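Asks: Below are the chains, spelled out letter by letter.
Number of protein chains: 2
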Amino acid sequence: MPEFIQLIPPQDALARWFEALGLPDLSHEELETIHSLNRVTAEDVIAQEPLPAFHRTNVDGYAVRAADTHGASESLPVYLRIVGEVPMGDAPRFQVSLGEAALIHTGGMLPEGADAVVMLEQTQTSRMDEIEVYKAVGHGENVLFKGEDVEVGQMVVPAGVRLRPEEIGGLLALGITRVKIRPLPRVGIISSGDEVIPPHHVPKPGQVRDINSYTLASLVEKVGGTPQFLGIIPDSPDILEERLAYALRNNDMVLITAGSSASTRDFTASVIARMGKPGVLVHGVNIKPGKPTILAVCDGKPVIGMPGNPVSALVIAHLFVQPMVEFLSGLRLGRPVPSLSARLSVNIASQAGREDYIPVRVIREGNGYAAEPIFYKSNFIFTLASADGLIRIPPDATGISAGEPVEVLFLRN
Amino acid sequence: MPEFIQLIPPQDALARWFEALGLPDLSHEELETIHSLNRVTAEDVIAQEPLPAFHRTNVDGYAVRAADTHGASESLPVYLRIVGEVPMGDAPRFQVSLGEAALIHTGGMLPEGADAVVMLEQTQTSRMDEIEVYKAVGHGENVLFKGEDVEVGQMVVPAGVRLRPEEIGGLLALGITRVKIRPLPRVGIISSGDEVIPPHHVPKPGQVRDINSYTLASLVEKVGGTPQFLGIIPDSPDILEERLAYALRNNDMVLITAGSSASTRDFTASVIARMGKPGVLVHGVNIKPGKPTILAVCDGKPVIGMPGNPVSALVIAHLFVQPMVEFLSGLRLGRPVPSLSARLSVNIASQAGREDYIPVRVIREGNGYAAEPIFYKSNFIFTLASADGLIRIPPDATGISAGEPVEVLFLRN
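Order-wise, the sequence lines are chains A and B. Using our numbering, you'd call the opening residue of the first sequence number 31 and step up by one each time. Using our numbering, you'd call the opening residue of the second sequence number 31 and step up by one each time.
Hints are not guaranteed to be accurate.
[Stated by the list, open to error] Under 8 Å between C-beta atoms, here's a sample of chain B residues computed to sit facing chain A: (1) L67; (2) N88; (3) A121; (4) L174; (5) H230; (6) G236; (7) S291; (8) L344; (9) P368; (10) S371; (11) L414.
[What the hints assert, rightly or not] As a list, the in silico DMTMM-like pairs of lysine to aspartate or glutamate whose alpha-carbon atoms are at most 20 Å apart: (12) A:K318 x A:D386; (13) B:K318 x B:D386; (14) B:K234 x A:E181; (15) A:K307 x A:E49; (16) A:K318 x B:E151; (17) A:K252 x A:E356; (18) A:K234 x B:E178; (19) A:K321 x B:E151; (20) A:K407 x B:E181.
Everything labelled a hint here was simulated from the structure, so no lab data went into it. These figures come from a predicted structure and were not determined experimentally. All C-beta atoms in this analysis are idealised placements derived from N, C-alpha and C, irrespective of residue type, glycine included.
So that you can see chain A by itself, here it is in the shape it has in the complex (with noise of 0.2 Å):
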């Protein structure tokens, strides 16, 4: 009977799909930062302007020239002329001299001639015009100098990086209002199989609702791609060939949620490997679940066939279109996966040789956490509707013991 010649390690798996890539795309478009949240920067982005845009200060207090407060203390303070109040918002409209302060509110612009803030909880006032200070400043103190954030010609985001609240914010201060980015990936479903029927049909006996379309779909919005919904095909070569080279034709990647029986799995990578060059490059991956795995590049687009069940499609969504989808996308600077650290609550065996990924609900217990591993049967759906995350067991491993640390990958929200 058919089975898979040789079983390849998932990270090696990957390796070679990456490396079977041609070169990236790398046309881009603009947008409006504000509207730029989670895209892909396209270029590194350069500081026209510096940040702050002026002597600045961070404290509410009296601008000063720190060489007059030289010596000042409690029992000695030393008295200082105040010559005005700096208005928010605006320049003022004096300077500070030998001997001068200036009332000054955090943000406000330091005065010309002032070097330095003195704290208003460090100063009281001894007459109408005038103020005592008991704390001497140094040069720059409480002050942020023109250009100290960020200097003009800076690069300050990088090209590849994913845009957050935090860059977009940085972006506005520096009036960088457009940012060329890259164009969402489009990546096409298929999904097969004679038994499968859309979710809104009512099955009839044999029959099952189509649900790895929406669950990829969904993920591979929130990896930062565009889902295309390529339909239902029956297991059928001539009608998956004729889909296939539709879906290569108008997207950038294609997965196919093929049949799980085996002449399923077998067609469909004969089908996959008519489609470009260089075809077919992985056809099993030691990995449990998700091993029938089919990865492959078709003139430089990748293809996955995929577990037509639904928890081992999820599993290797996580493990192999993620990554895909993300450089697709122009990701090349990807921040370091969180994960939480917990207890294994019970022994779990594992076949040496294979990763494992299984299950779990974390559960808090005491100033940590327990993960419970799921146990399941292949095809049950509501497996990973009721898991907070997956572990992975590594292939030297035959287990892993009941109060062992585990790291719990979270599905993500």
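Got chain A sorted already, so can you dock chain B onto it with the hints?
Replies: Okay, now just chain B, sitting in the frame of chain A:
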């Protein structure tokens, strides 16, 4: 000079804010399930159908009566007569009787009479219409019985859960194509300060661009609310009062980024206090950055006065705005928050009794990660744009030493 009368620990401040809320809004809307990603369920969802809907196999093999395979082994196989092949997506038109077997593919419907499936690799075709079975199977082996995943009447998704691709898939599998979800809370955002101008304007000396409105709006959107921009207002109690009254009429919650000077903060608190009962609950939190935070509830609606400093505003938004928006969005069963364990790269000092949040960069180091604190002056805008996350120094610590483990809370992507 006016200072904070009592600084409250952040956890207590948050608890006080939540306690002062009245009864939560219980309204709901109905959406197509495929469009409900990230929305929060308004009621428990109950299965009206079983899953699977029929006895199904999860392997390729032969449907048999388990009793017939009793004692089968490599050396002493059992012989069974093939009576047919189960079609995919349809009910088999035959039964399996004593001494019989039927070819069946993964996902196929078990024929009447059969109660188990022998895997293909544990059989061999001996004659045209006969197989040898090399391994005994028990009742139900390789079979998912009708209703074994989900039973009719079972609660499949509880109220108060944010829907992930996993839940959406599960609902669709059950034919639940519409779902009752909670409306998105509307969150009004007021930015104040005489020196603040819109980001597309060119600042004159002393002016700075408004960025808090946009960073906060992005965050509100990510955590499940609908932001409403209410513009930039000058440092005037009268204008704030009028704008806040308008904001409260049209929103479920209001954020104000107040000017950062002591006088502005004071009138902000007095204006909020006049807007409804119980009014200001917290004025000053024992945290850095973010000390001047004001928490209030005005006639059932939460109001927060946040520091104008963009770094402080975002830290406070992560700690206070996010949980409140999530609560107003109906979220009741939150998932544990993933973080990342790292080793601190340098010593950092902290004032005992105060909770400190320090932005860090996370760097791969051997098998683990190093967290490198980003030291910054107050009012530096690009601090968070270069940070991967925040680390917390608990109030009972006077700092953390280099090499100690820390948990990095990620800034939401």
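Asks: Each hint: holds or not?
Replies: Verification of the hints:
A cut of 8 Å between beta carbons decides the hint on L67 (chain B): the least distance to chain A is about 5 Å, and the hint holds. Taken as an interface hint, N88 (chain B) checks out: its beta carbon lies about 4 Å from the nearest beta carbon of chain A, inside 8 Å. At its closest, the beta carbon of A121 (chain B) sits 4 Å from a beta carbon of chain A; the interface hint therefore holds under the 8 Å criterion. Among the interface hints, the one on L174 (chain B) holds; its C-beta lies about 6 Å from the nearest C-beta in chain A, closer than the 8 Å criterion.
Hint on H230 (chain B) holds. Least Cβ distance to chain A is approximately 5 Å, under the 8 Å limit. Against a cut-off of 8 Å between C-beta atoms, the interface hint on G236 (chain B) holds, since the closest Cβ of chain A lies about 4 Å away. The closest approach between the C-beta of S291 (chain B) and any C-beta of chain A is roughly 4 Å, which is under the 8 Å cut-off, so the hint is satisfied. Of the supplied interface hints, the one on L344 (chain B) holds, with its beta-carbon coming within about 7 Å of a beta-carbon of chain A, less than 8 Å.
For P368 (chain B), the interface hint holds, since its Cβ comes within 8 Å of a Cβ in chain A; the closest pair sits about 4 Å apart. At a threshold of 8 Å, the smallest CB-CB gap from S371 (chain B) to chain A is about 6 Å, leaving the interface hint in force. Hint status for L414 (chain B) relative to chain A: holds, with the closest Cβ pair at about 4 Å, below 8 Å. Using a Cα cut-off of 20 Å, the hinted pair K318 (chain A) and D386 (chain A) holds, with the two alpha carbons roughly 5 Å apart.
For a cut-off of 20 Å, the pair hint linking K318 (chain B) to D386 (chain B) stands: about 5 Å separates their Cα positions. The suggested pairing of K234 (chain B) with E181 (chain A) holds, with an alpha-carbon distance near 18 Å, which does not exceed 20 Å. With a C-alpha separation of about 13 Å, the suggested pair K307 (chain A) and E49 (chain A) falls inside the 20 Å cut-off, and the hint holds. Among the hinted pairs, K318 (chain A) with E151 (chain B) is consistent with the structure: their alpha-carbon atoms are about 18 Å apart, no more than 20 Å.
Our distance criterion of 20 Å between C-alpha atoms is met by K252 (chain A) and E356 (chain A), whose separation comes to about 10 Å. Distance check on the hinted pair: K234 (chain A) and E178 (chain B) sit about 18 Å apart at the alpha-carbon level, within 20 Å; holds. Between K321 (chain A) and E151 (chain B), the direct Cα distance comes to roughly 16 Å. Compliance with the 20 Å bound is thereby established for this hinted pair. Using a Cα cut-off of 20 Å, the hinted pair K407 (chain A) and E181 (chain B) holds, with the two alpha carbons roughly 15 Å apart.
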